[in-house]
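Trainee: Just so you know, the protein sequences line up as chains A and B, in that order. Residue numbers for the first sequence follow the working numbering, so the first one is 1 and each next one is one higher. Residue numbers for the second sequence follow the working numbering, so the first one is 1 and each next one is one higher.
Please keep in mind that the hints were generated in silico from the structure rather than gathered at the bench. A few of these clues could be false.
Each computed PhoX-like pair below joins lysine-lysine, with the alpha-carbon atoms no more than 20 Å apart [unchecked claim]:
(1) Lys-138/A - Lys-16/B
(2) Lys-13/B - Lys-138/A
(3) Lys-56/A - Lys-307/B
Here is how the chains run, residue by residue.
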Amino acid sequence: MIRAENLSKVYRMGKIEVPALRDVNLEIEKDEFLAIVGSSGSGKSTLLNMLGCLDKPTSGAVFIDDVNTASLSENELAEIRREKIGFIFQQFNLIHSLNALENVSLPMFFAGVGRDERMKRAAELLAKVGLEKRMHHKPSELSGGQQQRVAIARALSNNPEIIIGDEPTGNVDSETGNAIMDILKGLNSEGRTVIVVTHDAEIAAHAHRVKRMKDGRLLEQ
Amino acid sequence: MKDVLLLAYRDIKERKARTSLTLLGIAVGIAAVIALMSVGYGFEKSVTGELVEMADLIMILPGKASLGGDYVELGSFNERDLKDIERISGVKEAVAMASSMEEVEYRGEKTVVDIIGIEPREISAVFGDIVKTEEGRGLRENDHKTCQIGHSIAKDYFDEEIEVNDRIKIGGSKFRVVGILEKQGGFKSGIDSEIFVTSGDAKGILGNDDVSQITVRVRNIEEAEEIADKIEERIDENHKLDDFTNAMTMGSAIEQLKTVFALLRAVLIAIASISLIVASIGIMNTMLMSVMERTHEVGIMKAIGAKNRNVLSLFLMESGMVSMVGGVLGCVLGVIGANVVSFVIGAAFGEGISAIVRAEVLLGGIAVAVLVGVLSGLYPARKASKMSPVEAVRYE
Chain A
1 MIRAENLSKV YRMGKIEVPA LRDVNLEIEK DEFLAIVGSS GSGKSTLLNM LGCLDKPTSG
61 AVFIDDVNTA SLSENELAEI RREKIGFIFQ QFNLIHSLNA LENVSLPMFF AGVGRDERMK
121 RAAELLAKVG LEKRMHHKPS ELSGGQQQRV AIARALSNNP EIIIGDEPTG NVDSETGNAI
181 MDILKGLNSE GRTVIVVTHD AEIAAHAHRV KRMKDGRLLE Q
Chain B
1 MKDVLLLAYR DIKERKARTS LTLLGIAVGI AAVIALMSVG YGFEKSVTGE LVEMADLIMI
61 LPGKASLGGD YVELGSFNER DLKDIERISG VKEAVAMASS MEEVEYRGEK TVVDIIGIEP
121 REISAVFGDI VKTEEGRGLR ENDHKTCQIG HSIAKDYFDE EIEVNDRIKI GGSKFRVVGI
181 LEKQGGFKSG IDSEIFVTSG DAKGILGNDD VSQITVRVRN IEEAEEIADK IEERIDENHK
241 LDDFTNAMTM GSAIEQLKTV FALLRAVLIA IASISLIVAS IGIMNTMLMS VMERTHEVGI
301 MKAIGAKNRN VLSLFLMESG MVSMVGGVLG CVLGVIGANV VSFVIGAAFG EGISAIVRAE
361 VLLGGIAVAV LVGVLSGLYP ARKASKMSPV EAVRYE
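Chain A extracted, bound-state conformation:
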């Protein structure tokens, strides 16, 4: 499903080179629920950005469904993010001027889905995450947990096979965090690949497999 081969990423800050990823090899199966843990600065978010086609590696390659993403154009990468991957961020990253329904329908809008169908599916997805009564609220009128659920609904809008969460429970209390992990587990049981980055061992315990990162390397267990 997803395969990282000899993945390296070096950030340049002026004249100093900062290696964020060092020769990472990783294979993630379909239906898998993987947690990547590590302290901040360990490179786990950088790895997640590579796996989610948000960023390009300095060397090495990410294969999604055996397609080498390094060979794809910006537009083709955007298409993969749109169709195959759903992102959930620590900061929720909703668009403030749009209400919950519109936020959820945005990826479908970029995919060219008609308005009526979009709104119908967005409403269904919001109902699925328990927000049917909050559909017309702006993000600023929602709690952190509710915003994260809107973000999850948005991640699902184009029915992707892969869900990527970058500290999805980092900005909510532990009770809400557990509720969000339950939703992610549910998505995994629907047959979606779920990859979550966290520094919280309790959250990681929900996953099938846990990988630990340190100094840009994936530790062998």
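Following the hints, complete the assembly by docking chain B onto the known chain A.
Mentor: Here is chain B on its own, set in the frame of chain A:
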């Protein structure tokens, strides 16, 4: 399309003050262009409109005349020239006029005025209904030592206004004023400062029977140019001189004037365009700020699958919308401005000009506004669309 519009509209709504100022900038630019063009068209119509009534006239002057300018006088015509012109086919009437600058005295006050000698029955043949008498009567065939005076001569030339039946001295001999002409203004304002006498009296004043101008009325306006050429040829032959005669059709005068006005309009538009350039810089500035402020948002959009062109069209739509609304507002302001300007001109010069607002100018104004908006939005929008998703999403 509709959804992009909605999205853009929401973003605009979030920053009302800044957007309104940008919008006002483009509105003022468009208004300036529309107002100046409409006043220009109105001015053109008021000048050429009078000429159109005289389109079947050919003015024949000795020497190379140029419109509105001085001409080099090479001599004068004579009776034979007049007879020859009358024989050219297509000529309905040919009228000879003598003219000369003479000293005119009224109640002890002296000035120099253009005296025109013309056969009374021919006045109506040439001028028809164009020049009307305001007070008194026109000249008559058997009038002796009488004159008809232009409006300005009666009202402005002397300290005291001249009334019908007053006596004035022309070239030393006394004349009775039988009529005062209506105010002409515009292109025919020359007539306001002229005194008309009979051909017989003109000979007495001038001391010769030279003809200084012949005016021809043609049967068919389409033939005017052709007839004018024939006239030039015939009279040049009579005087054994090349380019002695200048026969100018009113039609060609109108064409010439239209060229002048087109040039004038172009200059006005060029001036007004400066405000459009300023407005376009304003749009670019607003859009750049908007792009910068929304870097994080652009990052989110790209992370969830927006392609570069999705982002590009969103920002272009935004600047296009602002400038289109600005363009429409500019049309409204432009029409108001055009009427105000023509009113002020009317009040200041006593010459009424009504601005002509053309639909194509308004539509063009809106089109230019949208074009300016989209073009100046292009750079900021491209900048937004090229952002790296991961960096943009991290930007707070």
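Trainee: Does the structure keep Lys-13/B and Lys-138/A at a Cα separation of 20 Å or less?
Mentor: Holds, at roughly 15 Å.
Trainee: Is the hinted pair Lys-138/A and Lys-16/B satisfied, with a Cα-Cα distance of at most 20 Å?
Mentor: Roughly 19 Å between the alpha carbons, so the hint for Lys-138/A and Lys-16/B holds.
Trainee: With a cut-off of 20 Å on the C-alpha distance, tell me whether Lys-56/A and Lys-307/B pass.
Mentor: Answer holds: Lys-56/A to Lys-307/B is near 16 Å, not above 20 Å.
In summary, the structure agrees with every hint in the numbered list given earlier.
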